[in-house]
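Full structure from sequences and hints, please.
Positions 1 to 227 (the working numbering) are the ones given, in order, by the sequence shown.
Think of the hints as simulated: they come from the structure by calculation, not from any bench. Predicted model, so just to flag it, every value in this text is computed and none were measured. Treat the hints with care, since some could be wrong.
27 angstroms max Cα-Cα, derived DSSO-like pairs, lysine-lysine [unchecked claim]:
no., residue 1, residue 2
1, K112, K137
2, K130, K196
3, K200, K137
4, K121, K111
5, K67, K32
Each pair of labels, with its calculated beta carbon distance range [claimed, not checked]:
no., residue 1, residue 2, range
6, Y2, R117, 38 to 46 angstroms
7, E101, T169, 33 to 41 angstroms
8, Y2, L103, 40 to 48 angstroms
9, K182, D118, 29 to 37 angstroms
10, D118, S39, 17 to 25 angstroms
11, T169, K111, 23 to 31 angstroms
12, E154, L103, 13 to 21 angstroms
Where a beta carbon is used, it is the ideal one built from N, C-alpha and C, also for glycine.
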Amino acid sequence: MYENIDNPDFRRKLLQLAWDEKNHDEVLRLAKGGVSNDSKFLGLVNEWRKWELKTYQHKNDKTNTLKLAQYFFFESKSYTKDDHSTKEMYDLMKSITPNDEWLYFVESLIKKASKNRDEFKILFLYAQEKMWDRYIKYLQTNSSIYNLDNAPLEVWSLYKDELILLYATCVKQFLEQASNRKAYCEGVKLLRKLIKHGGKIEANKIIEEQKARIPRRPALLDELSKL
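Have a look at this one:
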(Lines of atoms letter the chains of each structure in order from A; the text may use other names.)
(Lines give C-alpha, C1' and ligand atoms only; values in the text may rest on other atoms or scores of the structure.)
Protein backbone atom coordinates (compact mmCIF):
# COMPACT_ATOMS: atom_id res chain seq x y z
CA MET A 1 0.00 0.00 0.00
CA TYR A 2 2.91 2.34 0.66
CA GLU A 3 3.80 2.14 -3.03
CA ASN A 4 0.40 3.67 -3.81
CA ILE A 5 0.17 6.02 -0.85
CA ASP A 6 -0.87 8.93 -3.05
CA ASN A 7 -4.18 7.12 -3.46
CA PRO A 8 -6.46 8.47 -0.67
CA ASP A 9 -8.03 5.07 -0.04
CA PHE A 10 -4.63 3.51 0.61
CA ARG A 11 -3.62 6.40 2.84
CA ARG A 12 -6.81 5.95 4.86
CA LYS A 13 -6.08 2.25 5.36
CA LEU A 14 -2.49 2.94 6.37
CA LEU A 15 -3.58 5.64 8.81
CA GLN A 16 -6.09 3.32 10.45
CA LEU A 17 -3.53 0.52 10.60
CA ALA A 18 -0.92 2.79 12.21
CA TRP A 19 -3.50 4.04 14.70
CA ASP A 20 -4.60 0.52 15.61
CA GLU A 21 -0.96 -0.40 16.16
CA LYS A 22 -0.57 2.70 18.38
CA ASN A 23 2.17 3.95 16.07
CA HIS A 24 1.27 7.60 16.54
CA ASP A 25 4.43 8.98 14.99
CA GLU A 26 3.57 7.10 11.79
CA VAL A 27 0.02 8.45 11.92
CA LEU A 28 1.40 11.97 12.00
CA ARG A 29 3.84 11.25 9.20
CA LEU A 30 1.11 9.82 6.99
CA ALA A 31 -1.33 12.61 7.81
CA LYS A 32 1.17 15.39 7.18
CA GLY A 33 2.21 13.71 3.95
CA GLY A 34 -1.42 13.69 2.89
CA VAL A 35 -1.81 17.39 3.66
CA SER A 36 1.22 18.17 1.52
CA ASN A 37 0.34 15.79 -1.31
CA ASP A 38 -3.34 16.76 -1.54
CA SER A 39 -2.98 20.49 -0.84
CA LYS A 40 -5.27 21.36 -3.76
CA PHE A 41 -8.15 19.34 -2.33
CA LEU A 42 -9.59 20.97 0.80
CA GLY A 43 -11.78 17.99 1.68
CA LEU A 44 -8.79 15.63 1.78
CA VAL A 45 -6.62 18.18 3.58
CA ASN A 46 -9.25 18.44 6.31
CA GLU A 47 -9.53 14.67 6.52
CA TRP A 48 -5.78 14.29 7.08
CA ARG A 49 -5.71 17.16 9.55
CA LYS A 50 -8.42 15.48 11.57
CA TRP A 51 -6.03 12.57 11.98
CA GLU A 52 -3.36 15.02 13.10
CA LEU A 53 -5.68 16.59 15.64
CA LYS A 54 -6.80 13.21 16.94
CA THR A 55 -3.18 12.16 17.41
CA TYR A 56 -2.07 15.37 19.09
CA GLN A 57 -4.98 15.10 21.49
CA HIS A 58 -4.00 11.53 22.30
CA LYS A 59 -0.40 12.61 22.89
CA ASN A 60 -1.62 15.53 25.05
CA ASP A 61 0.30 17.90 22.79
CA LYS A 62 -1.60 21.06 23.71
CA THR A 63 0.37 23.40 21.47
CA ASN A 64 -0.39 21.53 18.25
CA THR A 65 -3.89 20.62 19.40
CA LEU A 66 -4.63 24.32 19.86
CA LYS A 67 -3.27 25.19 16.42
CA LEU A 68 -5.43 22.59 14.70
CA ALA A 69 -8.49 23.37 16.80
CA GLN A 70 -8.15 26.98 15.70
CA TYR A 71 -7.79 25.85 12.09
CA PHE A 72 -11.01 23.81 12.26
CA PHE A 73 -12.80 26.56 14.19
CA PHE A 74 -12.41 28.87 11.21
CA GLU A 75 -12.76 26.16 8.60
CA SER A 76 -15.96 24.70 9.99
CA LYS A 77 -19.28 25.69 8.47
CA SER A 78 -21.13 23.64 11.06
CA TYR A 79 -22.36 24.70 14.50
CA THR A 80 -23.14 21.32 16.07
CA LYS A 81 -23.26 18.75 13.26
CA ASP A 82 -19.98 16.97 13.90
CA ASP A 83 -17.00 16.64 16.22
CA HIS A 84 -15.15 19.39 14.38
CA SER A 85 -17.95 21.95 14.49
CA THR A 86 -17.46 25.56 15.52
CA LYS A 87 -18.82 24.85 19.00
CA GLU A 88 -16.75 21.70 19.50
CA MET A 89 -13.56 23.47 18.48
CA TYR A 90 -14.39 26.48 20.67
CA ASP A 91 -14.87 24.19 23.67
CA LEU A 92 -11.64 22.36 22.89
CA MET A 93 -9.62 25.57 22.62
CA LYS A 94 -11.06 26.87 25.87
CA SER A 95 -10.34 23.62 27.68
CA ILE A 96 -6.60 23.70 26.91
CA THR A 97 -5.92 27.45 27.13
CA PRO A 98 -4.84 28.73 30.57
CA ASN A 99 -7.57 30.82 32.19
CA ASP A 100 -5.34 33.89 32.44
CA GLU A 101 -4.64 33.71 28.70
CA TRP A 102 -8.13 32.95 27.46
CA LEU A 103 -9.45 36.50 26.99
CA TYR A 104 -6.34 37.49 25.07
CA PHE A 105 -6.74 34.39 22.90
CA VAL A 106 -10.42 35.19 22.26
CA GLU A 107 -9.47 38.68 21.12
CA SER A 108 -7.04 37.13 18.64
CA LEU A 109 -9.87 34.95 17.31
CA ILE A 110 -12.18 37.95 16.97
CA LYS A 111 -9.45 39.88 15.17
CA LYS A 112 -8.92 37.05 12.70
CA ALA A 113 -12.67 36.57 12.18
CA SER A 114 -13.01 40.31 11.51
CA LYS A 115 -10.14 40.22 9.03
CA ASN A 116 -11.84 37.30 7.26
CA ARG A 117 -15.19 39.13 7.40
CA ASP A 118 -16.55 35.99 9.03
CA GLU A 119 -19.73 37.38 10.55
CA PHE A 120 -20.87 34.04 11.93
CA LYS A 121 -17.67 33.52 13.92
CA ILE A 122 -17.64 37.10 15.21
CA LEU A 123 -21.18 36.87 16.57
CA PHE A 124 -20.57 33.34 17.83
CA LEU A 125 -17.62 34.52 19.91
CA TYR A 126 -19.51 37.54 21.23
CA ALA A 127 -22.34 35.25 22.29
CA GLN A 128 -20.15 32.58 23.86
CA GLU A 129 -18.20 35.19 25.82
CA LYS A 130 -21.38 37.14 26.67
CA MET A 131 -19.96 40.30 25.14
CA TRP A 132 -23.42 41.80 24.76
CA ASP A 133 -22.23 45.41 24.42
CA ARG A 134 -20.05 44.43 21.48
CA TYR A 135 -22.82 42.26 20.03
CA ILE A 136 -25.26 45.17 19.86
CA LYS A 137 -22.59 47.49 18.44
CA TYR A 138 -21.97 44.99 15.68
CA LEU A 139 -25.69 44.79 14.89
CA GLN A 140 -25.93 48.57 14.75
CA THR A 141 -23.64 48.65 11.74
CA ASN A 142 -24.42 45.19 10.33
CA SER A 143 -28.14 44.81 10.87
CA SER A 144 -30.10 42.30 8.83
CA ILE A 145 -33.25 40.32 9.41
CA TYR A 146 -31.17 37.17 9.79
CA ASN A 147 -28.80 38.68 12.35
CA LEU A 148 -31.62 40.21 14.35
CA ASP A 149 -33.74 37.05 14.30
CA ASN A 150 -30.76 35.04 15.52
CA ALA A 151 -29.56 37.44 18.18
CA PRO A 152 -29.45 35.73 21.61
CA LEU A 153 -32.34 36.27 24.02
CA GLU A 154 -29.95 38.14 26.30
CA VAL A 155 -29.35 40.75 23.60
CA TRP A 156 -33.08 41.15 23.01
CA SER A 157 -33.66 41.49 26.73
CA LEU A 158 -30.96 44.14 27.19
CA TYR A 159 -31.51 46.13 23.99
CA LYS A 160 -35.08 45.38 22.95
CA ASP A 161 -36.10 48.94 22.00
CA GLU A 162 -33.01 49.45 19.87
CA LEU A 163 -33.35 46.07 18.18
CA ILE A 164 -36.98 46.78 17.33
CA LEU A 165 -35.95 50.01 15.60
CA LEU A 166 -33.22 48.17 13.69
CA TYR A 167 -35.69 45.44 12.74
CA ALA A 168 -38.23 48.01 11.58
CA THR A 169 -35.61 49.68 9.39
CA CYS A 170 -34.76 46.34 7.76
CA VAL A 171 -38.44 45.55 7.13
CA LYS A 172 -39.06 49.00 5.70
CA GLN A 173 -36.09 48.71 3.36
CA PHE A 174 -37.26 45.27 2.23
CA LEU A 175 -40.77 46.50 1.40
CA GLU A 176 -39.47 49.59 -0.38
CA GLN A 177 -37.55 47.31 -2.74
CA ALA A 178 -40.34 44.75 -3.12
CA SER A 179 -41.96 44.74 -6.57
CA ASN A 180 -44.05 41.57 -6.89
CA ARG A 181 -46.60 39.61 -4.89
CA LYS A 182 -44.09 37.03 -3.71
CA ALA A 183 -41.93 39.80 -2.22
CA TYR A 184 -44.99 41.53 -0.76
CA CYS A 185 -46.00 38.29 0.91
CA GLU A 186 -42.53 37.94 2.40
CA GLY A 187 -42.70 41.55 3.59
CA VAL A 188 -45.94 40.83 5.42
CA LYS A 189 -44.29 37.86 7.11
CA LEU A 190 -41.52 40.19 8.28
CA LEU A 191 -44.10 42.63 9.61
CA ARG A 192 -45.63 39.79 11.62
CA LYS A 193 -42.20 39.01 13.04
CA LEU A 194 -41.69 42.66 13.91
CA ILE A 195 -44.99 42.70 15.77
CA LYS A 196 -44.07 39.46 17.54
CA HIS A 197 -40.82 41.06 18.69
CA GLY A 198 -42.86 43.87 20.25
CA GLY A 199 -42.76 46.37 17.41
CA LYS A 200 -46.47 46.81 16.77
CA ILE A 201 -46.26 50.61 16.69
CA GLU A 202 -43.35 50.50 14.24
CA ALA A 203 -45.16 47.90 12.11
CA ASN A 204 -48.32 50.01 11.92
CA LYS A 205 -46.28 53.01 10.79
CA ILE A 206 -44.66 50.96 8.03
CA ILE A 207 -48.05 49.63 6.96
CA GLU A 208 -49.50 53.13 6.63
CA GLU A 209 -46.46 54.27 4.65
CA GLN A 210 -46.81 51.33 2.28
CA LYS A 211 -50.52 51.95 1.78
CA ALA A 212 -49.74 55.52 0.79
CA ARG A 213 -47.17 54.58 -1.86
CA ILE A 214 -47.68 56.06 -5.29
CA PRO A 215 -48.42 54.58 -7.70
CA ARG A 216 -50.74 52.30 -5.76
CA ARG A 217 -49.85 48.63 -5.67
CA PRO A 218 -53.03 46.49 -5.53
CA ALA A 219 -51.11 43.27 -4.81
CA LEU A 220 -49.25 44.93 -1.93
CA LEU A 221 -52.49 46.34 -0.48
CA ASP A 222 -54.06 42.91 -0.75
CA GLU A 223 -51.22 41.27 1.16
CA LEU A 224 -51.22 44.00 3.81
CA SER A 225 -54.94 43.44 4.34
CA LYS A 226 -54.13 39.93 5.55
CA LEU A 227 -52.33 41.25 8.63
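C-beta pair E101, T169: status relative to the range 33 to 41 angstroms that was hinted: Once the Cβ atoms are compared, 40 angstroms apart, the range 33 to 41 angstroms for T169 and E101 holds.
task: Please work out if K67 and K32 have their alpha carbons no farther apart than 27 angstroms.
output: holds, 14 angstroms
- request: For E154 and L103, compare the CB-CB distance with the range 13 to 21 angstroms and indicate the outcome.
  value: holds, 19 angstroms
query: Has the hinted range 23 to 31 angstroms been met by the Cβ atoms of T169 and K111?
result: Holds: the Cβ-Cβ distance is about 29 angstroms, inside 23 to 31 angstroms.
task: Indicate whether the distance between the beta carbons of Y2 and L103 respects the range 40 to 48 angstroms.
output: holds, 46 angstroms
- prompt: Cβ-Cβ distance between D118 and S39: within 17 to 25 angstroms?
  reply: holds, 22 angstroms
task: Measure nothing beyond the straight line between the CA atoms of K112 and K137; if it is 27 angstroms or shorter, mark the hint as holding.
output: holds, 18 angstroms
- prompt: Given the proposed pairing of K130 with K196, does the C-alpha separation stay at or below 27 angstroms?
  reply: holds, 25 angstroms
task: Starting from the hint 29 to 37 angstroms, judge whether the C-beta atoms of K182 and D118 obey it.
output: This hint holds: roughly 31 angstroms between Cβ atoms.
query: Has the given pair, K121 with K111, been kept, meaning a C-alpha gap of at most 27 angstroms?
result: holds, 10 angstroms
task: For Y2 and R117, compare the CB-CB distance with the range 38 to 46 angstroms and indicate the outcome.
output: Between Y2 and R117, where Cβ atoms are some 43 angstroms apart, the hint holds.
message: Check whether the Cα positions of K200 and K137 lie no farther apart than 27 angstroms.
response: holds, 24 angstroms
Hint compliance for this structure: every hint is met.
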